Amino acid sequence: MRANLAVLVDGVALPDDQARELWERFSTWMEEHRGDLAGFAAREGFASIHPGVDGGRPVLLASKTAAQRPYAPATPVASRPGGGSGGSAGRHEGPRRDRSGGRKSRK
285 MRANLAVLVD GVALPDDQAR ELWERFSTWM EEHRGDLAGF AAREGFASIH PGVDGGRPVL
345 LASKTAAQRP YAPATPVASR PGGGSGGSAG RHEGPRRDRS GGRKSRK
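My numbering numbers the first residue of the sequence shown as 285 and each following residue consecutively.
No lab work stands behind these hints: they were computed from the structure.
One or more of the hints may lead you astray.
[Claimed, not checked] Beta-carbon label-pair distances, calculated as ranges:
1) Ala331 / Ala297: 17 to 25 Å
2) Lys348 / Glu305: 23 to 31 Å
3) Pro354 / Asp300: 23 to 31 Å
Owing to the predicted nature of the structure, the values given are computational and were not obtained by experimental measurement.
Ideal Cβ placement from N, Cα and C applies to all residues, glycine included.
Assemble the whole structure, with the sequences as input and the hints as a guide.
Here you go:
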């Protein structure tokens, strides 16, 4: 049985326990440093890290040599017929509009 979360470092899969631990650190980092992939990669000793999807499961694609790209919604690792991009783009969009029901703050 495959684990739900995977990590590939320059194309080589980490063991399940190490992958799970890296995902936990990644999730914590991204909550505290929204969108800062480069900071997390540097902290973990990588040149870059990107979230992706492989066969419908989340995967972190880490590299010791590939340059960091800007944060974007997760994309499939390989093109697959009928595959979706997945990801958490909605969590990383711009600020929400005011939902105060018409109340306006006064300064």
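For each hint, the structure was consulted:
1. Ala331 / Ala297: 17 to 25 Å: 18 Å Cβ-Cβ, so the 17 to 25 Å window holds.
2. Lys348 / Glu305: 23 to 31 Å: With a Cβ separation near 18 Å, Lys348 and Glu305 fall outside 23 to 31 Å, so the hint is violated.
3. Pro354 / Asp300: 23 to 31 Å: holds, 29 Å
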